[in-house]
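Asks: Take a look at the letters that make up each chain.
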Amino acid sequence: MFKVKNIIPNDRTRKTWRGYLGAYLMILPAIIFLGVFVIYPMIHIVELSLYKGNGTNPYKQFVGLSNYRTIFFVKTDFLEALKNTAVYTVSIVVILMFMSLMFALWMFKDRKINKFAQTAFFTPHLVAAVSCAFIFSWLFSSDTYGLFNTILKIFGVAPVNWLGDTRTAMFCIIFMNTWKSIGYYALILMSALKAIPPEIYEAARLDNASSRKTFWKITLPMLSPQLFFMLITITIGSFKVFDSVRLMTGGGPGTSTQVISLYIYNYAFQRGNSLGIGAAAGVVLMLILIVVTMIDFRGFERRVHYQ
Amino acid sequence: MAGIEFIDVCKSFDKHMVIENLSLKIKDGKFTVLVGPSGCGKTTLLRMIAGIGPATSGQIIMDNKDITDVDPGKRDVAMVFQNYAIYPTMTVRENIEFGLKNNKVPKEERDRLINEVMEAVNMKEYLDRKPGTLSGGQRQRIALARAMVKKPKVFLMDEPLSNLDAKLRVQMRVELIEIHEKLKTTFVYVTHDQVEAMSMADVIVLMDKGRIQQEGSPEEIYHDPNNVFIAQFIGSPPMNILNTPKEDKLGFRPEKGIMSNTAMDLAFKRRGKVSTREMLGSETIYKVVMGEYSVMIKSQNDHFSIGDDVVVNAAAEDLYIFDANGARIRGKEGSALKRLLATAEELSDV
Numbered sequence: 001m002f003k004v005k006n007i008i009p010n011d012r013t014r015k016t017w018r019g020y021l022g023a024y025l026m027i028l029p030a031i032i033f034l035g036v037f038v039i040y041p042m043i044h045i046v047e048l049s050l051y052k053g054n055g056t057n058p059y060k061q062f063v064g065l066s067n068y069r070t071i072f073f074v075k076t077d078f079l080e081a082l083k084n085t086a087v088y089t090v091s092i093v094v095i096l097m098f099m100s101l102m103f104a105l106w107m108f109k110d111r112k113i114n115k116f117a118q119t120a121f122f123t124p125h126l127v128a129a130v131s132c133a134f135i136f137s138w139l140f141s142s143d144t145y146g147l148f149n150t151i152l153k154i155f156g157v158a159p160v161n162w163l164g165d166t167r168t169a170m171f172c173i174i175f176m177n178t179w180k181s182i183g184y185y186a187l188i189l190m191s192a193l194k195a196i197p198p199e200i201y202e203a204a205r206l207d208n209a210s211s212r213k214t215f216w217k218i219t220l221p222m223l224s225p226q227l228f229f230m231l232i233t234i235t236i237g238s239f240k241v242f243d244s245v246r247l248m249t250g251g252g253p254g255t256s257t258q259v260i261s262l263y264i265y266n267y268a269f270q271r272g273n274s275l276g277i278g279a280a281a282g283v284v285l286m287l288i289l290i291v292v293t294m295i296d297f298r299g300f301e302r303r304v305h306y307q
Numbered sequence: 001m002a003g004i005e006f007i008d009v010c011k012s013f014d015k016h017m018v019i020e021n022l023s024l025k026i027k028d029g030k031f032t033v034l035v036g037p038s039g040c041g042k043t044t045l046l047r048m049i050a051g052i053g054p055a056t057s058g059q060i061i062m063d064n065k066d067i068t069d070v071d072p073g074k075r076d077v078a079m080v081f082q083n084y085a086i087y088p089t090m091t092v093r094e095n096i097e098f099g100l101k102n103n104k105v106p107k108e109e110r111d112r113l114i115n116e117v118m119e120a121v122n123m124k125e126y127l128d129r130k131p132g133t134l135s136g137g138q139r140q141r142i143a144l145a146r147a148m149v150k151k152p153k154v155f156l157m158d159e160p161l162s163n164l165d166a167k168l169r170v171q172m173r174v175e176l177i178e179i180h181e182k183l184k185t186t187f188v189y190v191t192h193d194q195v196e197a198m199s200m201a202d203v204i205v206l207m208d209k210g211r212i213q214q215e216g217s218p219e220e221i222y223h224d225p226n227n228v229f230i231a232q233f234i235g236s237p238p239m240n241i242l243n244t245p246k247e248d249k250l251g252f253r254p255e256k257g258i259m260s261n262t263a264m265d266l267a268f269k270r271r272g273k274v275s276t277r278e279m280l281g282s283e284t285i286y287k288v289v290m291g292e293y294s295v296m297i298k299s300q301n302d303h304f305s306i307g308d309d310v311v312v313n314a315a316a317e318d319l320y321i322f323d324a325n326g327a328r329i330r331g332k333e334g335s336a337l338k339r340l341l342a343t344a345e346e347l348s349d350v
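These protein sequences, in sequence, are chains F and L.
Just so it is clear: in the first sequence, position 252 is 252 by this note's numbering, and no numbers are missing.
Just so it is clear: in the second sequence, position 213 is 213 by this note's numbering, and no numbers are missing.
Since the hints were made in silico from the structure, they are not lab data.
In this text the structure is predicted, and so the values were computed from the model without any measurement.
Each residue gets a CB set at the ideal place from its N, CA and C atoms; glycine is no exception.
Be careful, since some hints might not be right.
[What the hints assert, rightly or not] Each computed EDC-like pair below joins lysine to aspartate or glutamate, with the alpha-carbon atoms no more than 20 Å apart:
(1) L:209 <-> L:8
(2) L:130 <-> F:301
(3) L:153 <-> L:109
(4) L:101 <-> F:202
(5) F:112 <-> L:14
(6) F:213 <-> L:94
(7) F:213 <-> L:71
(8) L:15 <-> F:110
(9) L:153 <-> F:202
(10) L:130 <-> L:119
(11) L:74 <-> F:202
(12) F:240 <-> F:77
[What the hints assert, rightly or not] With the C-beta cut set under 10 Å, the calculated list includes, among others, these residues of chain F facing chain L:
(13) 199
(14) 204
(15) 222
(16) 306
Model the full structure from these sequences, guided by the hints.
Replies: Below is the structure:
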């Protein structure tokens, strides 16, 4: 009896310890990867934001919080970029979620034409962002060879300087990115729609539910995990939008399409001695993303129905 | 309460005809069970009553009204699905309330009705739970409560017990019978399980390949089957069927076969050897091999063992005669054949 009592805890501790070691060994590669490529840069960028310097000598001079003071209170271009990013993000989130839901509802039934439509809508997702930007630069070209202006000309409408007008430039970028992503998100929603058992809809019909009520009370809640996933990923993705803006407008005309990541890129790599300002903006972007994601979780997670 | 009548209904999926010119009357207030092997069209018929799988042609009458083109929600029927089809994102209360809300039942009335059915199914403390946290049996009760709360004229049930374990199934069977006794509403119940059909039905409608094979009380179906298919579908083990030299078939139920050491003074008798023995407690099932035939015998005697030489006997009144196509031959012609066949040399060797 005594022996047994003594042996069991010892044995268990050793086993647990060994078990833990094994488990940690298994996730070690992932932890190293995260540490090197995520955690370290995160700490490093905070450090950088406290210095004045450039690419070759990042730690030239310690300036404390001065870089933050500069971007918020001295210059106005950061706040401008923040505003543009917010406009872009809100528009993309609303338009992309609404349109991909519409497309998914339209295309999820098994019909031949839908199979074709699904492929057609998904293809842009496979094209490199750079190529898309070039294609749309041509489509939106202000010259007469631009497709949209050529069409307008047929109807006798004066050509529009799509990417060169402060009023239309942001719209063009939103349009292009919607076009590029809609197939991907519609596909996610479509697979979720197909997973809803048909009996649930039959039960709803027997319960005398109108189609509107069926949509709001059954379809939408059943899609909530996917919609929530979309909300988070689209929000984060659009806060970081870069390539399409860089290639289509370069932030212009003026500062009308200047977004945060472009701002960071310009200050960090394109100008002298302003790496710290870029880093400070990067820290602010990170904090904003953390806060927005937390708000998303707080506000919507309770409404998400996981099965 | 309402009776239902199918008039000349057909149903085809794509080009495949599942039901062809079927007519059937389902009696008001009765527990009717549609039974048959899978693909026989029983669920298709049920879905026609519900309105969620409309007939390709023909008419469906309920309560003397043509409901062929009436919306499912306006038919005054409730359905319990095989997989329960509970709305997974709603709580138990919301699930039950959904239909009432859609039918604009006032709040107080709704609360009263919900209380009533939840008491009836014994699930009151689960009202605010999500279906995901309930067991299969509890979900089954919720599905039942959701149907009952609407106080429909007709209850439709599509294999509602097939996802439950054996013990719970037997318990729910009894509960469903009690609910029917209490409500006295028309129940239409679909199953492929002949035991369920026999134990619950007032009226059994036995179907195969989109056709009604026989309609009647469990007793009628069991003791007076129309053909070989019914005789073998109902009853476990199925009826023993022996081919006769005249292409007619002779059958008797396993419990009507009497095993003995020496031949008895009965119409049918034949020597055989016991090849398997299943002791079930109150009875024992033997498989007896007799030349190229083998028969199953359900017996109160458990003292025969494997390898025993026995004689299988059956009385004339327990023999059934079927023609070459499997249709039953009744009456004088049947009795004459019975005597002829039972004593035919190929069958009787004692």
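Asks: Hint by hint, note whether the structure agrees.
Replies: So, going through the hints one by one against the coordinates:
For a cut-off of 20 Å, the pair hint linking residue 209 (chain L) to residue 8 (chain L) stands: about 16 Å separates their Cα positions. Restraint check for residue 130 (chain L) and residue 301 (chain F): satisfied, since their Cα atoms lie roughly 16 Å apart, inside the 20 Å limit. Between residue 153 (chain L) and residue 109 (chain L) the alpha-carbon distance is near 19 Å, which keeps this suggested pair within the 20 Å criterion. For the hint pairing residue 101 (chain L) with residue 202 (chain F), the CA-to-CA distance comes to about 17 Å; that is within 20 Å, so the pair holds.
Distance check on the hinted pair: residue 112 (chain F) and residue 14 (chain L) sit about 16 Å apart at the alpha-carbon level, within 20 Å; holds. Of the pairs offered as hints, the one joining residue 213 (chain F) and residue 94 (chain L) holds, with about 13 Å between alpha carbons and a cut-off of 20 Å not exceeded. For the proposed pair residue 213 (chain F) and residue 71 (chain L), the alpha carbon gap of about 16 Å is at most 20 Å, so the pair holds. Proximity of residue 15 (chain L) to residue 110 (chain F) is assessed by CA-CA distance (about 18 Å); at most 20 Å being required, the pair is judged to hold.
Between the alpha carbons of residue 153 (chain L) and residue 202 (chain F) the distance comes to roughly 18 Å, so the proposed pair stays at or under 20 Å and holds. The suggested pairing of residue 130 (chain L) with residue 119 (chain L) holds, with an alpha-carbon distance near 18 Å, which does not exceed 20 Å. At most 20 Å may separate the alpha-carbon atoms for a hinted pair to count; residue 74 (chain L) and residue 202 (chain F) meet this at roughly 13 Å. A hinted pair counts as satisfied when its Cα atoms are at most 20 Å apart, and residue 240 (chain F) with residue 77 (chain F) qualifies at roughly 17 Å.
The closest approach between the C-beta of residue 199 (chain F) and any C-beta of chain L is roughly 4 Å, which is under the 10 Å cut-off, so the hint is satisfied. Look at residue 204 (chain F): its Cβ gets to within about 8 Å of chain L, closer than 10 Å, so that hint holds up. Interface hint at residue 222 (chain F): satisfied, since its Cβ lies 6 Å from the closest Cβ of chain L, which is below the 10 Å cut-off. With 10 Å as the threshold, the beta carbon of residue 306 (chain F) comes within range of chain L, its nearest partner Cβ sitting at about 8 Å, so the hint holds.
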